[in-house]
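Engineer: As a plain string of letters, each chain reads:
Number of protein chains: 4
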Amino acid sequence: MIKRHICVVVASRANYGRIKSALTAIRSHPELELQLVVGASALLSRYGPAINVIRADGFEPVACPYFVVEGENPTTMAKSTGLGIVELSSVFENLKPDIVLTVADRHETLSTAVAATYMNIPLAHTQGGEVTGSIDESVRHAITKLAHIHFPATVESKERLIRLGEEPETVFCTGCPALDIVVQTETRMDVDLFRKYGGVGPEFDLSRGFLLVVQHPVTTEYGSGREQVRETLEAVRELNRPTVWLWPNVDAGSDEVSAEIRRFREQYPRSPYLHFFKNFSPEDYVKVLASSRCIVGNSSSGIREGALLGTPCVNVGSRQQGRERGLNVVDADYDRRSILAAVQRQCEHGRYAPDYRFGDGHAGARIADCLASVQPRLQKRITY
Amino acid sequence: MIKRHICVVVASRANYGRIKSALTAIRSHPELELQLVVGASALLSRYGPAINVIRADGFEPVACPYFVVEGENPTTMAKSTGLGIVELSSVFENLKPDIVLTVADRHETLSTAVAATYMNIPLAHTQGGEVTGSIDESVRHAITKLAHIHFPATVESKERLIRLGEEPETVFCTGCPALDIVVQTETRMDVDLFRKYGGVGPEFDLSRGFLLVVQHPVTTEYGSGREQVRETLEAVRELNRPTVWLWPNVDAGSDEVSAEIRRFREQYPRSPYLHFFKNFSPEDYVKVLASSRCIVGNSSSGIREGALLGTPCVNVGSRQQGRERGLNVVDADYDRRSILAAVQRQCEHGRYAPDYRFGDGHAGARIADCLASVQPRLQKRITY
Amino acid sequence: MIKRHICVVVASRANYGRIKSALTAIRSHPELELQLVVGASALLSRYGPAINVIRADGFEPVACPYFVVEGENPTTMAKSTGLGIVELSSVFENLKPDIVLTVADRHETLSTAVAATYMNIPLAHTQGGEVTGSIDESVRHAITKLAHIHFPATVESKERLIRLGEEPETVFCTGCPALDIVVQTETRMDVDLFRKYGGVGPEFDLSRGFLLVVQHPVTTEYGSGREQVRETLEAVRELNRPTVWLWPNVDAGSDEVSAEIRRFREQYPRSPYLHFFKNFSPEDYVKVLASSRCIVGNSSSGIREGALLGTPCVNVGSRQQGRERGLNVVDADYDRRSILAAVQRQCEHGRYAPDYRFGDGHAGARIADCLASVQPRLQKRITY
Amino acid sequence: MIKRHICVVVASRANYGRIKSALTAIRSHPELELQLVVGASALLSRYGPAINVIRADGFEPVACPYFVVEGENPTTMAKSTGLGIVELSSVFENLKPDIVLTVADRHETLSTAVAATYMNIPLAHTQGGEVTGSIDESVRHAITKLAHIHFPATVESKERLIRLGEEPETVFCTGCPALDIVVQTETRMDVDLFRKYGGVGPEFDLSRGFLLVVQHPVTTEYGSGREQVRETLEAVRELNRPTVWLWPNVDAGSDEVSAEIRRFREQYPRSPYLHFFKNFSPEDYVKVLASSRCIVGNSSSGIREGALLGTPCVNVGSRQQGRERGLNVVDADYDRRSILAAVQRQCEHGRYAPDYRFGDGHAGARIADCLASVQPRLQKRITY
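Chains as they are written, first to last, in the working numbering: chain U, 1 to 384; chain D, 1001 to 1384; chain S, 2001 to 2384; chain G, 3001 to 3384.
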């Protein structure tokens, strides 16, 4: 039997967690052959190279293209997107996949989508139809208009894709693969994060409750990153509780966020409550999220994985604006008072009941099955 | 007074005719400063360099980036898109425009859109909301999802943009600038095309009626270009009427189309009826279209400019499938019989009444006025 | 036994003839594994794609990167060099060759050299130590300073490489592989060029003697190409003998040369003596050169292959200035009188005695043997 | 009077110090117009952005191209070189300089050289003719073969350039501009480095003597960087003296060097003697070098600036192998014992007499004068 070749491009640590269970399902599917490409910031050591985690999970990439143009500003973000298309088109020319699968809404995702569609390779896309802030909002919907097969996470997203003019028979509501990991992971904190991941800052007893902070730059508010993260840092300082802080993604503005964090650390070198990590494996991230008293910042994981885990979430600023959500989310402005109050409220409330709207744990398998059977039509046509 | 800087990227001969009247209006608008960028295939001599026509019209570009990766296949089309982003991001970094204006749906249009939006520069877009075949169909709607300001040509397109989730107050139905040229041009054939543009093939008396053929490759049917154009060539041979044939765009597959045309010319070296041109100025193209008995092929101009001029149009194949149209259009398959019959029918029918659905001649001025007054919001948000 | 992997990059039709016998010898060497990369203008149809000739010879490339940025001017020549490095570094990363072999002095040759040396892959180079005009002169010596293993064609070149500070034990005087083809080819004109290669222009009886013209643009005299080729065209017109004209390489200025040729053809459409070809296989080129009364222009083949074949050569202008040569070469200025007189003189003289200075027919085998045994040292050090 | 436009590309912090006095002299020369381009790692914040120092010195760049492809390995070093050519060719096309001046031997220097020479812009080059280890050795001589005007620092280098076949009248022994700064700077340590530059590690009294360490990765020994720097770190630990350590350049392997430094810091978090800085202004670097007891590592500044200042230098490993030197240099292997012994010996010896072989303080002025009067010939020709 000739297997279908499914090429998946994983280009950042965030992407890996959101597609891992689908990779596993594709790899073990009898009618599919996985062509895993790991590139861009997933290869870079200063972000804690996701490639190591991926290899440790038993996946061997067939190509590892570098295409991050350093600078972390809007110009280099554009350039990285362009260079990504140049590199990925050569990768696809070599691999000749039957379908390319791209994840979510980052610039590498767009590079993947543009290269595949101009090369007449059917494009599948996860997480289409979601709504957020940042340039990701525009990019996600643009990718939807390029993609031939859609794997939205929720019913609401599926309906939005259809309203966007996608043909209903190309839209498969599978749930999000990131949620598969949540369902499959033993959420007890049974790893020693400090030993396994190092990081900087003091160690503390994680079993006694801690805050988790993940705050990315907002590309469309480039230039305000320092003040924005400063507010969160100050709120955390006043909260004075053990806090696990995860380093931001590589995006326009991550430099300013990182610089402000460093400045804070120099200003308060002996903060006994604050430890910074670069990267966790997807499973360990679930443990951290499940064990935390509250997740603070603007990561989608607080809203999505947080819903299923029932972890209270304080969502800061505009990055997740408009996103579908469960009851576990409280909003806060870029303002230390507002953040402080929201975190205190959430800690008092405690955990929420699990909400399965973003996935039931079987997304990866559904995606693989669909990739094996779908008959994509290369020529797209809007439905209205 | 500080003028708004409007950067317009013209990257192919087709784009120029579709934006020229807007360029003129922007240049002469008291509150606007035009930053004209001419790049990609508009610079290349083998397509009859549009840059010469542009300069002859009195426009002086501020940058002329080269970014066509030669090969004319799907892979190099992707690569050109990527290299275009790399080059245009440097151009925008230099020029620091207030708004970038991009035209229609070619790969250079996408490069422009991606560079501008990642760089947080508000993006305006013409010809959004139209429906066609080819990869252009996907790319056009993807650009819509990136753009902040929309200048659709027709009411139907405007409504489609709003259904696509664009905020109604960002959608301005201006008509198409290409139609401005039609309205403003004296349509009598008062130029000697053979003297002015050279080309290859015999000369004939244009005043006695002729066919116009423009047939581009269809990127999503890459590999079928030779047979497709062969059918049109054979139909033209049987028609045996004076024919003006315009060379195709640089796109994946233009190579195969060109090669088949060359093969035909070698096979029938003395065809007395067939003359090939590379390029006309937009105004001269209007004259040619207005004077022709029928336009044959898959150029949008047969449908759009043809509607206003009342020129009969035989639309071949899938490239314009789904496009809004007037009464002047008859479809034909990639089949010499089908094309022959349709052309004969159209020639018998003769000219149609003018149809103003694609523009009334004031699109350029409306676009300039709007660019001067609009307050774009950088953070997009889908309306549903 | 573990074979050494030898990656050879062939990026233009000219390069192929200059390395073919080495490719054959590497492929059949028991200790070597050939990794053939065919890219850049060798893939482009408008130059008569060398890839077809290569495949017909039984070579299957492992990668075919596109990296010609269209424009044929100094700026795009630089850009193509840069894009070539970007593409070839990914190719080398995939292939992980033990040695990279690069040919002569074109911009793709430099791309290959830069990518390999920065990637710590030992670089072998043919045709080092030769002297010419054009940018090739600078580029060739620059590549010598990057290369770890040298395969010069002549004793004079070998000595020049050593004077350039290369360690003598890394310099192997092998002869030029292009001469292997000359020695191995039956030089009788036993193919019907018109049937096999098409081309444009009238057909004539090749057995009765003809001129061969090959005139490339001179990159360092960019902007003068039209006048330069015009002089040769006019000389050929006055000579009024059957002439085989081979289209120029893709280089800065090839566009102006081509345009002038086209203009000439339109001016004199019925020249009964002039036929243009795009490309020959290396063997057929040898037949053409061996059968011609005189080769005119600035191709190195007139000097190098011409020496061994004894074909009279009229070398026009500065492109081959300073090149080692035998007795068969007469120089002419860019001047129709000068060219005309020189051709007439050469035709009167007739063939010369063979001169083996550029090779004895065993270069390919020597190169393969050397690649199998050499122990390259990665860290270069100038000898003085 | 029409001024000559001199475009200088500064692409790393190291380059800036080596050309600054020439920039000043060009800017103030009545017949010259400076076009300063600052790009690549000179823009990147994690290396302490040289652009800030450059702007603080009153220079305003006319273009700031980004072209570092992140990864810091041999593959991305090649890619950065290629992307640099793509970006710089657009910069030169915009600026249309009369001469491009490039500095020393880094990959950005090669990008500059390749772009300029293919674009037929005369290329001037400083620091040609020097001998070292690393890929810089090959690249420096390759650039010499591309350059039209040479500004070597020493008589020995001048003679080597002539032996390399450069025409003597194009070789001007000017001394090195880096030495101008040494001559012009008040060498007393009158700045508070800790206040001005931050950095990490404890503060100590610089007036009481300290070691300076600068150790870059050796690209041709990629993969050995960790062990190499470990030996130096261990030697410094045993020496237990106040030490100013300057972060390495962005090169293949800087990542491994940085990682090992970080590991050391985590292992010995309270080392009271070791402070790390990212960047100094050229003048402050002179003060640091002049005030240090001994410079350790493999920076050329220990040999070149060190000669004039009489600072004892312990040169570790192969990076400077073969370099011309004065009496102040002692070699050491990548071995803690060897380094330790050499540093102790040098500290006992104390300062050396000044040696002016690398420059007398007037290089910048000589370079500017020469750029104003030289008549470069575009077509190079080797002299033998």
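If you're looking for bench data, these hints aren't it; they were derived computationally from the structure.
Warning: the hint list may mix true and false statements.
[To be verified] Derived lysine-lysine pairs resembling DSS-like cross-links, with alpha carbons at most 25 Å apart: (1) G/3196 with G/3278; (2) U/287 with U/196; (3) D/1096 with D/1003; (4) S/2196 with S/2096; (5) G/3096 with G/3003; (6) U/3 with U/96; (7) D/1196 with D/1096; (8) U/278 with G/3278; (9) D/1096 with G/3096; (10) S/2003 with S/2096; (11) U/96 with S/2278; (12) S/2278 with D/1278.
Quick caveat: nothing in here was measured; it's all calculated off a predicted structure.
Engineer: For every hint, state whether the structure bears it out.
Structural biologist: Now for the hints, and whether the structure bears them out:
Only pairs whose Cα atoms come within 25 Å are accepted, and residue 3196 of chain G paired with residue 3278 of chain G is accepted, the gap being roughly 12 Å. Simply put, residue 287 of chain U and residue 196 of chain U have alpha-carbon atoms about 14 Å apart, close enough for the 25 Å limit, and the pair holds. Taking the CA atoms of residue 1096 of chain D and residue 1003 of chain D, the gap is near 13 Å; set against the 25 Å cutoff, the hint holds. At most 25 Å may separate the alpha-carbon atoms for a hinted pair to count; residue 2196 of chain S and residue 2096 of chain S exceed this at roughly 38 Å.
Among the hinted pairs, residue 3096 of chain G with residue 3003 of chain G is consistent with the structure: their alpha-carbon atoms are about 13 Å apart, no more than 25 Å. A C-alpha spacing of about 13 Å is found between residue 3 of chain U and residue 96 of chain U, which places the hinted pair at or below 25 Å, so the restraint holds. Pair hint residue 1196 of chain D plus residue 1096 of chain D does not hold up; C-alpha atoms about 38 Å apart against a cutoff of 25 Å. Between residue 278 of chain U and residue 3278 of chain G the alpha-carbon distance is near 21 Å, which keeps this suggested pair within the 25 Å criterion.
Distance hint between residue 1096 of chain D and residue 3096 of chain G is fulfilled; the C-alpha atoms sit about 21 Å from each other, no more than 25 Å. Of the supplied pair hints, the one linking residue 2003 of chain S and residue 2096 of chain S holds, its CA atoms being roughly 13 Å apart against a limit of 25 Å. With a C-alpha separation of about 31 Å, the suggested pair residue 96 of chain U and residue 2278 of chain S falls outside the 25 Å cut-off, and the hint is violated. The hinted pair formed by residue 2278 of chain S and residue 1278 of chain D meets the criterion: a straight-line CA distance of about 21 Å does not exceed 25 Å.
The structure fails hints 4, 7 and 11 (numbered hints given earlier, in ascending order).
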